[in-house]
Amino acid sequence: QSALTQPRSVSGSPGQSVTISCTGTSSDVGGYDHVSWYQQHPGKAPKFLIYDVNKRPSGVPDRFYGSKSGNTASLTISGLQAEDEADYYCCSYAGRSTFVFGIGTEVTVL
Amino acid sequence: DVQLVESGGGLVQPGGSLRLSCEASGFPFTNYWINWVRQAPGKALQWVANIKQDLTEKNYVDSVKGRFTISRDNARMSVSLQMNSLRAEDTAVYYCATWGAHGPFDFWGQGTLVTVSS
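As you go down the protein sequences, you meet chains A and B in turn. In terms of this note's numbering, the first sequence opens at residue 1 and continues consecutively. In terms of this note's numbering, the second sequence opens at residue 1001 and continues consecutively.
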């Protein structure tokens, strides 16, 4: 049940794209196509962004795109906007109805 | 609208107990697992526990096994987290969150702060 590895921070200018990686093991990220992503603004509850690697809940812009290769999942934010500045967390199913989150990535819009 | 409202947080001494509640409304409660997720100050999210719709399955992160107990009352649309033998490292905002057809943690409450300190 070790936390998934994410970069501590990424940054980009408005309109650019940024990609956040999320590395786990064959027991979590690599073992299941159940990776989800969450956006959290300071002092707020997390918001559901992506599920099952690359599916978006209704209302989430298609600027947010998820993918996975092996033990690493990724979230790409294209057309970066000021309101995208937030913390982002990946999460993977880890078997037996348990979950593990990533350490979180701070996205800064320059 | 989906609503999850946590309550019961507060200041407790190490070794003490606290019971958190999560009251749900606006969705078919019995179709969802319910989870507790916590976030220590300035730290990452951590999944803590969950409970199945029919109460037949409960799961916990290793660090709380034997100390925390999750329960639910489907008639009252509520979930509780009984926390015993609390430690300083349990200090966090505790969120309840659903696990529905579209994936885990699709809806979240606003959180309740638990502080374990002497």
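It is worth saying that the hints were derived from the structure and are not from the lab. Misleading hints may appear alongside valid ones.
[As the list claims (entries may be wrong)] Here are the simulated PhoX-like pairs of lysine-lysine, each with C-alpha atoms no more than 20 angstroms apart in a straight line:
hint, chain 1, residue 1, chain 2, residue 2
1, B, Lys1043, A, Lys44
2, B, Lys1065, B, Lys1052
3, B, Lys1043, A, Lys47
4, A, Lys55, A, Lys68
Do the alpha carbons of Lys1065 (chain B) and Lys1052 (chain B) lie within 20 angstroms of each other, as the hint requires?
holds (17 angstroms)
Check whether the Cα positions of Lys1043 (chain B) and Lys44 (chain A) lie no farther apart than 20 angstroms.
Distance ~14 angstroms between Lys1043 (chain B) and Lys44 (chain A) Cα, so the pair holds.
Proposed proximity, Lys47 (chain A) with Lys1043 (chain B) (alpha carbon, max 20 angstroms)
holds (17 angstroms)
Would the pair Lys55 (chain A) and Lys68 (chain A) pass a check requiring their Cα atoms to be no farther apart than 20 angstroms?
Roughly 12 angstroms separates the two Cα atoms, so the pair holds.
Of the numbered hints listed earlier, not one is contradicted by the structure.
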